[in-house]
Structure formats: C-alpha cells, structure tokens
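First to last, the sequence lines map onto chains A and B. Start counting the first sequence at 1; every next residue gets the next number (the working numbering). Start counting the second sequence at 1; every next residue gets the next number (the working numbering).
No lab work stands behind these hints: they were computed from the structure. Backbone N, C-alpha and C define an ideal beta-carbon position, used for all residues, glycine too. Don't take each hint at face value.
Listed next, the in silico DSS-like pairs over lysine-lysine satisfying Cα-Cα at most 25 Å (straight line) [unchecked claim]: (1) A/Lys60 x B/Lys502; (2) A/Lys60 x B/Lys256; (3) B/Lys493 x B/Lys178; (4) B/Lys333 x B/Lys448; (5) A/Lys60 x B/Lys493; (6) B/Lys443 x B/Lys333; (7) B/Lys448 x B/Lys256; (8) B/Lys333 x B/Lys502; (9) B/Lys248 x B/Lys448.
Some chain A residues flagged as far from chain B (calculated, every beta-carbon gap over 10 Å) [claimed, not checked]: (10) Ala28; (11) Pro43; (12) Glu53; (13) His56; (14) Leu71; (15) Gly82; (16) Gly92; (17) Ala130; (18) Thr131; (19) Ile135.
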Amino acid sequence: MPGPFIVGYDGSPAATRALEFAVTQAAAAGLGIVLVHVLEWSPYSFLSREELEERHMRRKEELARAEVAVLAPAMDRMKDRGVAITPVIRYGHSAEILSDCARDEAASQIIVGRDGAGGLSARIFGSTAATLVQIAPVPCTIVP
Amino acid sequence: MPHPLRTAALAAASLALTAGAGRAQGLDASINAGFENATGWYVNLIFANLPGTEVPWIVGWLVIAALVFSLYFGFVQFRWVGHAVRLVRGDYSDPNDAGEVSHFQALATALSGTVGLGNIAGVAVAIGIGGPGATFWMVLAGLLGMATKFTECTLGVKYRNEYPDGRVSGGPMYYLTKGFEERGLRGGTALAVGFSIFTLLGAVGGGNMFQVNQAHQQIAGVVGDYPGWITGVIFASLVGVVIIGGLKSIARVTEKVVPFMGIFYVTAALVIILANIDQVGAAFGQIIEGAFTGLGVAGGMVGALIQGFRRAAFSNEAGIGSAAIAHSAVRTKEPITEGFVALLEPFIDTVVICTMTALVIIISGQLVTDPETGLFLIEDGQIVTQTGAEGVALTSDAFATAFPWFPVLLAVAVVLFAFSTMLSWSYYGLKAWTFLLGEGQGKELVFKAIFCLFVVIGAAASLDPVIAFSDAALFSMAIFNVIGLYFLMPVVKRELARYAEKLRRGEIRKYG
Chain A
1 MPGPFIVGYD
11 GSPAATRALE
21 FAVTQAAAAG
31 LGIVLVHVLE
41 WSPYSFLSRE
51 ELEERHMRRK
61 EELARAEVAV
71 LAPAMDRMKD
81 RGVAITPVIR
91 YGHSAEILSD
101 CARDEAASQI
111 IVGRDGAGGL
121 SARIFGSTAA
131 TLVQIAPVPC
141 TIVP
Chain B
1 MPHPLRTAAL
11 AAASLALTAG
21 AGRAQGLDAS
31 INAGFENATG
41 WYVNLIFANL
51 PGTEVPWIVG
61 WLVIAALVFS
71 LYFGFVQFRW
81 VGHAVRLVRG
91 DYSDPNDAGE
101 VSHFQALATA
111 LSGTVGLGNI
121 AGVAVAIGIG
131 GPGATFWMVL
141 AGLLGMATKF
151 TECTLGVKYR
161 NEYPDGRVSG
171 GPMYYLTKGF
181 EERGLRGGTA
191 LAVGFSIFTL
201 LGAVGGGNMF
211 QVNQAHQQIA
221 GVVGDYPGWI
231 TGVIFASLVG
241 VVIIGGLKSI
251 ARVTEKVVPF
261 MGIFYVTAAL
271 VIILANIDQV
281 GAAFGQIIEG
291 AFTGLGVAGG
301 MVGALIQGFR
311 RAAFSNEAGI
321 GSAAIAHSAV
331 RTKEPITEGF
341 VALLEPFIDT
351 VVICTMTALV
361 IIISGQLVTD
371 PETGLFLIED
381 GQIVTQTGAE
391 GVALTSDAFA
401 TAFPWFPVLL
411 AVAVVLFAFS
421 TMLSWSYYGL
431 KAWTFLLGEG
441 QGKELVFKAI
451 FCLFVVIGAA
461 ASLDPVIAFS
471 DAALFSMAIF
481 NVIGLYFLMP
491 VVKRELARYA
501 EKLRRGEIRK
511 YG
C-alpha cells in the first residue's frame, strides 16, 4: 500500500487549496494525510541575550499558537471527509522539513500550494515550491 | 551601590555643577579628577604586587587558576576541541529540539559580548606598554583560559534556574549557591553575593565606562576633538531607550550587525597579514624574542608578561564568570557539552583575533625602535608610536597604513561593539542586581538609571583611570568566581568522566 500524502500547510489560501486537493485525492485513493506546519527556524541565527533567556518559553508559545490557530481549524474543517489526518509541527526550513517528513513517513507524494506571487522576493530567496522540486525525495504536486 | 562608586558619582556631579556649564572641557577635567580620586585606592588594592615581585597578585590568581584547571582536566582544551567543533556544527543536536537555543547560538551570543574592544583596543594597550612580546603571553593566557571557561560554563548550565514560564537564567551566582549546597559546602551564598556586587562594578566599569570612553575617542578621531560628556549623553540616551524604554529594535539591529562587523574586522586583518606575508616571520620573531627579553620595554620580560596576561583576561573574560551567564540558556541534556563549546571562545577571541590585531600593529611598523640598539623607544612607560597614538587609535593607525579609509569603518565598528557590549553588561549587571535585591520593576529601574549615569561619567573621564578601574572591577569578579570553581571542579570532573564513558559506549547519538 502506498504511503500517505505529505501536505505543507500554513493557513494561507494557497495552502488551503492544496489541502482541499490533497483530501479529495486521498479520499479517492484511501490514503492518509500528514499535515505539516513548519515554523521557519535556523539554528545558526543570531539571538540577543534576552532572546536566549526567553527562547524555551517562546517556543512553547509558538507551538501552542500554531496548534490552535493554524492546524486545529484545518483539522476541524476536514474531519467529515473520511481521511485520517495526522498533524505535525516542526521547526526548520520548510522544503527541508517537508522532504524529511516524506522520508520518515515513507510518503507517496508531497503536496503544497503556491501563492502565485513569484515576485522579486521569490526570485531572491526562492520559494518553498521551487526548492521542493529540486530536493524532494518523492513526487511533488504543486497546487496553483 | 558600593561606596566608592557612589562617591565617584556624587563627586563628579557636584564638581560638574561647580565647574559651570559653559566650560565644557573644564567639566571633563572635573569628572576626570573626581573619578581618579575616588577609585585610585581600589585599583591599587586589586593590582597590588605579590610581595617581593612585580607581578600583581590578581593576574597570578587567574593564570594559576587556568593552569590548575588545565592540569586537573588533562588539557581538556586540546583533547576535546574537535568534539567542540562537532557540537557547534549541530552533529549531536536532536532535530526534535529544533527551535530551542542551539550550541551555535549560545556561542555566537557569548562571543559577541567578548569580541569587541578587548580585541581592538586591549591588544594595542598591551603592545603599547608591553611590546610585541605581550602577544606571546596573551596567547598563552588565552590557551590556558580555555580550561577555565570550560569549567565555569559547564557549571553555569548544570546549576541554572529554569522558571515555570520557561525562562532560563544561569551564572556564577546560581552555581555558587546551588552547587555549594548540593556538595554540602558552606559559604556559597557569601561568594555569590560578593560575585554579584563586583559584577555590578564590572558592569559599570569594563562593561560601560571603558566602552563609551573608547567609542568617544573613535568618534573624536573622525570628526575632530569635542567634549566627552556630549558623547556620554548621546550614548546614555540610546542605552536608556533600549534598557529603560524597552525599545528592543535598536538592540536587535545592533546585536545582529555586530557579528558581521567582527567578520569584516578579521577579514581586513587577514588581508593585511597575507599582503605582508613576508614580514610575518619577522613579526613572530619579535613576539617570541620580546616575550623573554621585553626588547627594552618597561619591566622587561615581566612587563610584557603582565600586559599580555592582563589584556587576555580582559578580552576573553575567562574566570570572570560573565560567560557562564551567556552560555546557560542552551538546550542540552548534557551540561558538559556547553562547556566544550565555551572553550572555543577564548580560542577565537584571544588566540585568533587578538593575535591578528597584534600582527597588524607590528607589521605596520607603528612602534618606533632606536636604530642603534634595536630596542623600542620608551616615553612615560609607553613605546613611542609613529603617530603618538595609543589604545584603539594605535590599531586604527596600523590598519590605515594598508587601507586609508579603515579608521572611519573601524570607528563605526568600535561604536557598535561598544554599544552592544554595554547592552550585554547591562544584562549581566541587572542579573546580579536582581540576585541581590530581588526582581521588581522599581528596583530594576534604579539599576538601569545608575547604569546610564555612568555612561556619561565614562565618556568624560580620560583613558588611563578608566582602564585601571575597569580592569580592577572585572578582575574582582574573578576572585569570588574562581574560589567557587575550585570547590566545584570535582563536579565538572565527574560530568566529564560520565560523558566520555557515554560517548565511548555510543550512548550519545550522532544525528548529523
């Protein structure tokens, strides 16, 4: 049996479209979904002394907020669609974390949305979707 | 506040009033005189020579401590340095702990507090008085100091306080109290109180007055001479806006620009050294020869040694206890891992960056020698320099021989370093203050106001009394901290043995 779908989700309209698409596909194929919310984080960023002192506290707050404000509403919306959804919150770089999750879960594919902006910032910093295309260990679906 | 400082503040304030507001230079002179009178006796006490020698007892205290820790832990600074680098790289970090403070972050923040004026101005002071040979002793002190830092930072993490809301707070005052209690020893609280009192002095001395004083000299060097108290008032306002007004954005910007300034400084030094690679051999020759003969500097070999040791301790703060405060927030199950990471700090700060500054000063030929004897020309105990500069201005002139635009950039760097170091020390000082008096907004505000007042005094006083007082205050912290370290070092030894055993049995998992 093929592995679950990994869906990158941040609560944005694009991510909501991706989740909608993924749930429809997963229901048809009888597969589960791992709903991944990534909090952007680098262990090499520079923190001030107060930030160091409060980091553990802030992390707890950020995790709680992500759970309540981002993942819980999405889970709630999708609860009657007959698809088993596992929520996951991770710290790191979005594309890398999604790839790691795909590997860990032996996923059959990764599904993400794109915001279609493609502006200057995406050109400079790269978008999650574009990076995923380069590094993902499994097939990727980019939902417009 | 301890007595001498309050006297200094009052003396300065009253003298300032009588001097008349119109006479700006007179105001500086008054603050300066009042400051020197109020702190002289204390400086003399701390830097009193060991009987029958010319070695200040406090310098011997730190070097012997570093030597004891190096021997006791079997030169941990050399045997574990590879492991330290792997820890910083994150090879042993659990991915599930992502989002917590990493080893790299704790090290970077601690380094940003120590890399700064000590590396730029301190080295110039050491070489200006002690000659190139001071560099040798500085490097030696840095290498030994790695073991001290390893000891204090391991304890800082092991005995830190973790509050219910998730904040983490550590440092000597906590390991002195909790560590002593755990081992059934008495006197821990007394040591912690002593440490905290001198941390307050160190915060207003080396962490404040010395910084703003050097920043003023830099700015004056670029825009022309003007009264120091003006710089003082500007800096005091900026520091006040951040620490009293809570305007975090300024702090955040400064603290994030500073690491880049550090990298830029090191790159510039490297470029100069590489461009003059043919002279590096001769420079090292001067460093080694000067270390044992002094090449004519005041006090000869001992003079070079004392200057080297003094500036090393001032620059990397090993044994002072401040680093243990900065390192204690890291997320790790093994406190000793942060000790390993911390031992890199004196290496980067003193052995690498200070040596680079020293090489640039020596290569640039700023120090004037007598062509007949080959010895340095001495005036008032200082080596004569090409431009008559001392302190940070000497470093600035040395870099300017290669890059004429460098003084402006260095001035910006020094001002930023100074500002960020002041913010760091306002944090250390506040931690000591709240340890002594308890937390509370009113109490914290009093400390912050005093801290800002001393910014003005520090900017107006001249270099020598400020350096003397800064050193004295910082070294005083080491008296209490190092006594504590001696009593608690068996704890670190047990941790080290346990960790080595776990590593050998493969129980410490490697992720990277």
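Now the hints, each set against the structure:
1. A/Lys60 x B/Lys502: 30 Å, violated
2. A/Lys60 x B/Lys256: 24 Å, holds
3. B/Lys493 x B/Lys178: With Cα atoms ~17 Å apart, B/Lys493 and B/Lys178 stay inside 25 Å; holds.
4. B/Lys333 x B/Lys448: 34 Å, violated
5. A/Lys60 x B/Lys493: At roughly 33 Å apart (the allowed maximum being 25 Å), B/Lys493 and A/Lys60 break the hint.
6. B/Lys443 x B/Lys333: 34 Å, violated
7. B/Lys448 x B/Lys256: Judged against 25 Å, a Cα distance of about 23 Å means the pair holds.
8. B/Lys333 x B/Lys502: Satisfied, since the Cα-Cα distance of roughly 13 Å is no more than 25 Å.
9. B/Lys248 x B/Lys448: 15 Å, holds
10. Ala28: Holds, since 33 Å exceeds 10 Å.
11. Pro43: A/Pro43 not clear of chain B: closest Cβ-Cβ about 4 Å, inside 10 Å.
12. Glu53: 5 Å, violated
13. His56: 4 Å, violated
14. Leu71: Answer for A/Leu71: holds, closest chain B Cβ roughly 16 Å.
15. Gly82: 31 Å, holds
16. Gly92: A/Gly92 not clear of chain B: closest Cβ-Cβ about 5 Å, inside 10 Å.
17. Ala130: With a cut-off of 10 Å, A/Ala130 remains clear of chain B, as the shortest Cβ separation is near 23 Å.
18. Thr131: Its Cβ never comes within 10 Å of chain B, the nearest being 18 Å, so this holds.
19. Ile135: 16 Å, holds
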